[in-house]
Structure formats: C-alpha cells, structure tokens
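*Asks:* Start from chain A and add chain B according to the hints.
Heads up: the protein sequence lines correspond to chains A and B, in order. Just so you know, the numbering used here puts 18 at position 17 of the first sequence, and the rest follows in order with no gaps. Just so you know, the numbering used here puts 262 at position 212 of the second sequence, and the rest follows in order with no gaps.
So, partial list: chain B residues that the calculated Cβ filter (under 8 Å) puts toward chain A:
(1) Leu88
(2) Ile128
(3) Leu132
(4) His137
(5) Val142
(6) Ile152
(7) Leu154
(8) Gly272
(9) Ile278
(10) Ala279
(11) Asn321
(12) Leu326
(13) Ile355
Source of the hints: derived by calculation from the structure; they are not laboratory data. All C-beta atoms in this analysis are idealised placements derived from N, C-alpha and C, irrespective of residue type, glycine included.
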Amino acid sequence: MKQQSFFDKLPHLSLERRLNTPWWLTWLVPLFSVLLALLTGALIIASQGVNPAQAYKAMFEGAFGTGYAVAETLVKAIPLMLAGLGVSIAFRMKLWNIGAEGQLWMGAWAAAGVGLYLYPAWHLPPWLAIVLMMLAAMIAGGLWGAIPGLLKGTMQVNEIITSLMLNYVAISWVLYFVDILWRDPGGMGFPNTAPLEKDIWFAKLSWLPLLPKNNRVHFGLVVAILAAVILWFLLNRTKWGYEVRVIGENAEAARHAGMPIVRNIVLAMVLSGALAGLAGMAEMSGVAHRLQRGLSPGYGYTAIIVAWLAKLNPFGVLLVAVLFGGLLVAGDQIQLMMNLPRSISDILQGLILFFVLGGEIFSRFRIRIR
Amino acid sequence: MQTAFIITILATAVRAGAPVIYATIGEIFSERAGILNLGVEGMMLVGAVSGFIVAVKTGNPWAGVLAAMVAGGLLSLIHAFLTITLHADQVVSGLALTIFGIGLSSFLGKNYVGIQGPQFSGIDLPGLSSIPGLGPILFQHDVLVYFTFLLIPLTAYFIHKTRPGLHLRAVGEDPTTSDVMGVNVARTRYLYTFVGGVLAGLGGASLSLAYTPGWTEGMSGGRGWIAIALVIFAFWEPWRAMLGAYLFGSVQALQFNLQTIGITVPTYFLNMLPYLFTIIVLVFATGERMRRHLGAPAALGIPYIRGER
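Okay, chain A solo, but in the shape it has when bound (with noise of 0.2 Å):
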C-alpha cells in the first residue's frame, strides 16, 4: 500500500489548454490578480499598524488626486516607459534582459559627458546639443545591451546573467566618474556634478492640459510617446519585426527559414539597450539636470514588470508605465504621510506579479477539478 501523503490529497486540477481565450477573461483575470494582489499587501500594510484602507487612500491621492499628483506620477513613469519598450523588445524575442538599469546608467552617463564638456567646449547650439545628448546615450546604453547580445548570440551564453552583472559594473563605473572624475567643486560635499546648463534641459511641458503650470512634465514624455509609435510601426509592419515575432515564437523554424537569428539577437539587444540609454538621458536632462547618485531608483528593474504586465505592446508598455510610475509616487508619499517604508512599493510590484502570473492560468487553460 501507498502512504497517502499530503499531496495525494490535493484535490487533482486537471488543465486543458484554450485555444483562444474570450476577450473579457483577458481584462477580468489580470484585473481581479491586482485587487487580491492590493489585498495581500493590505495584510503586510496591517502588520505595521497602519489602516490599509487608509494608506491605500492616500496612496492613490499621491499618486493620481491632484494635478501636481499625477504630473509627479508622469514624471516617474517617463523612464519607465523608456527602458520598459527597450525591455519588450528583447523579450519579444525570448531575450532575458535584465539590464535596463545599466543600460540607463550607461546612457546617463553618456549623455552627461556631452552635455557638461562637449557642449561648451564646441559651443553647439542647445538644440544639436540635446539631440547629440540623446545620441550618445542610445549608443551607450546600445553598447553595454550589445555585449549580452553578443555572448548570447555567438557563443550561447545565459544572457539573464550577464545583462544583470554588467548592471553592477555600470553603476560602479558611473559612480566613480560622479564621486571623482566629474564631481562638481562646487557641490558643498554632496557626491554629483556640476548641473547641466539651463538650455540643454529636456524642456517642461507647461502647456499639458489640466496640469499645473510649474510640474515637472518634460519633453521625455514625447520622445516616449513617439518610441512607442514607432516601435509598434516597427514590429507590426516591417519585415524586421515579422524574424522578431517569428524567432520569439520559434526560433527553430525561423532557423529553417533561413532568417538571420545571431544577427536579430544582437540587434534586438542593442535597441532594447538603447532605449533604455534613452530613458537614463531622460531622467538626467529631464529630471536631475546633473549625473547623481541614486539617479535611478531601479527604474530598469520595475521596466521589466511593466513590460511583462504590458504583455509587449508598446502602447500597452506607456500605459502600465503610468500606472507603475503612480505605485513609485504613492510608495515616496506614505513613506512621508503615514510612516510607512517606501519598500511597500516593491513589495506591491512583487505581488502584483505574482498574482498576474498565477491568473495566467485561468486565460491559458481551461480547469477542472477532479
């Protein structure tokens, strides 16, 4: 006789995959995850003797009850938005890049360099400085993205791996040009450069309907935009974006198809990183005007959530990113409010994942219990 453990006695779910899930299960799993996510965090809110209801509250008035609310919600979800598209693309593609945060780093720093010693030492009008800003950090971000790509693609090696350790070495390398080699003289001890000039700042975006008139809005909310324009031009209606569909969804029959797979994979690796480059230049021209410590609060970590969650739509990524770049905002606010640690926020994103990624099931297949 078999003991009976405590296994058998789960009651067995046997699972027969859909073939095409009804549109309003995709609305309504994802949705009812988030609110039993929100209600597992309401628990760990609990445990610090905090009214849930109550920190939720505010937690949504910080983030989208005013105006300056969700301008402030807007500014945080600009880099997101940014390094969440260049981590789609990748993932499009089977490509686990984990690096957006040295990627962002890397085009921070890039674009740092041009803006505080190639600007004035060329004397570039504003305009060719701000996009050679832009440049630099695509092409930095591009480049640290391209050396997983590379190891990926000749060599097979685990890209999860190497994105996520080139993250520490970037963030070392562009602290030591903060704390050292770029430190402003002038900063009264504080580890940052110099500012960057005034007319090299990405612009505010004052004239935003609705919002207040000094937000921080800036025009990285229109680079987003038009990324995700065409990212989606590029992925729905090119041929490039037809081998990235085809390789993600089955690398062995775009190999058969004789598509370039070592090629996309680098190429998919350094627009991913240099998207995320573009996010860093962002937050550094648009946010900071200075390169600093802690520019990045791990917006290249909370990108690859709002990518997953965005299920690689580029207009879906903006949308997200907004909704992510208000959970940034709340988690700062009750951290001031209510006492509550900021770390909150994390521990929502985490369950917010959880909870999708185990929804998933009800979309995917059909279940019955036995």
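*Replies:* Just chain B, lined up with the frame of chain A:
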C-alpha cells in the same frame, strides 16, 4: 610575506565562498529537479534579514539560522506553487520573487540597519587548525563555513548514489517517463524547490550572522545571481560548484587585499571584479559545455503537464 599574503587570500576565499556555496547548492537541487529559480537573490536577502532579526530577538544565532532557512523555504514555495501547480513562466516568477524579496527584506529590516547582533565567531578546530598553511586556510573559521565542507560531499553523494537522488535527476531530465515509472513529479519538484529555498536562506544567514555580521539593505550584493551563474559553471555538479565558489571567494579576497601589497586601484574598479569575473567564468564554462556536449537538465524550465508533450 608573500606566503602570508597567499594564505590570507585563500582563507578569505573559503570564508567568502561559504554563503555562495549554500545558494549554489540550493539552486543545483532546484534545477536538477527541472525548476529554474531566479529568486535566489531575493531568498538570500530575506534569509539574511530574518536570520538577523530572530538572532537579535532571541540572542541566539542558531535560532537565526533556523528562521533564515524557514524564510527562504517559504519564499521558494511561492515560486513552486506558481510554476509547478499553476504552470507559470519560471523566468518571470523567479524575477518576481527577487523583486519581492528585495522589497520584503528592506521592509522587515528597517529598524535593524546598523545595529549589533549575535554572530558566529571563529572556532579553531583542535589539531587541524595548527597545521601550517592548511590550518589557517581551512580550519580557523566559523561553524557555518565548516558546514559547507560537509554539504558538498553529502550533496554529491545524494545526487549520484542514492535512490531519491536518482528520482531527483529523473524528474529534471524526463518528467514524463518519471511519471510513468511512478515518481510523483509535482511532489519531487516542490520538495527540491523548497530545499533550494532553505539553502538560499541559509546562505543569507551565513552573510548576516557570520561573514559580514549585521543587516544592511541589499547586503547580498548580487551573490544570488552569482550562484545561478556558478550552477551553470559547475555543470550542475556540487564539487565544481565548490570550485566556482572558491574562485569567486578569491576574487573577493583580492578585492579586499590588493591594497595591502601596494596595488592601488580605485575601489570602484575593485567593486566590479566579482561581476566581471562571473561573466568571464560563465563565458568559459559555456564554451566548455558546448565542446563537451554537456547539457542542462533536459526539462529545466519546462512546466510538466500530464498528457502534454
């Protein structure tokens, strides 16, 4: 002088390697069963913080070790449930676990940053520790380092020479056949994912209670990811994992000791060393694996659904 330096480096390597050995062996168990768990960094951090908190509250580092193991194990069950029961993507679930673990550890540890707590101190093993050379390198450490000396051979023996070890490998290589042979695939995978989490938690505790006593946010500094790289370097074999962990340890030891022999490199570059080293090691190991046609467990990362192939 030179001998003393080499001995310092090697002794530090053994100490610095210990937390990574736990995490790497844990991930070997998990991946051998077919479950890729990228949440090691998160489990280590939560292990480190809960181990430290419990050690502080009870005054007993052993209670801390136990708590860290439980915490790591519980976190791994989230991953197990999502990937084994709900067939979720293992990469995304593991990433979620790491993000969640980073947040949770910082949340739990907010009142414990920078405070003093109990710790494991070095115990010179009688006799052995007085052997010139070997003594200081191997036998003047804390008890969590000594455990790694046992863990490696035990794991190697378990995986290759025992019946449960055979089942473990079978489930990771060919779950369908294992299922037909009467091995409960889901149960086996749950078990070893849990073991992986327990060991990652223990690795965290060996950081916060022995190697760098105390709690600071993100104190694992990427060791969880390095452990995942070392699993690949080790071709999923415990002895090679030990070699990899000590290589990593030596790099860390050099990072701390280069200054003492008059080589002055800015710390920023020294800080890059372990990560650059990991990339280089991974490149060479991947090359070697391709040449020798050594594979990962064949079913690694693939959900098992009965009746589907």
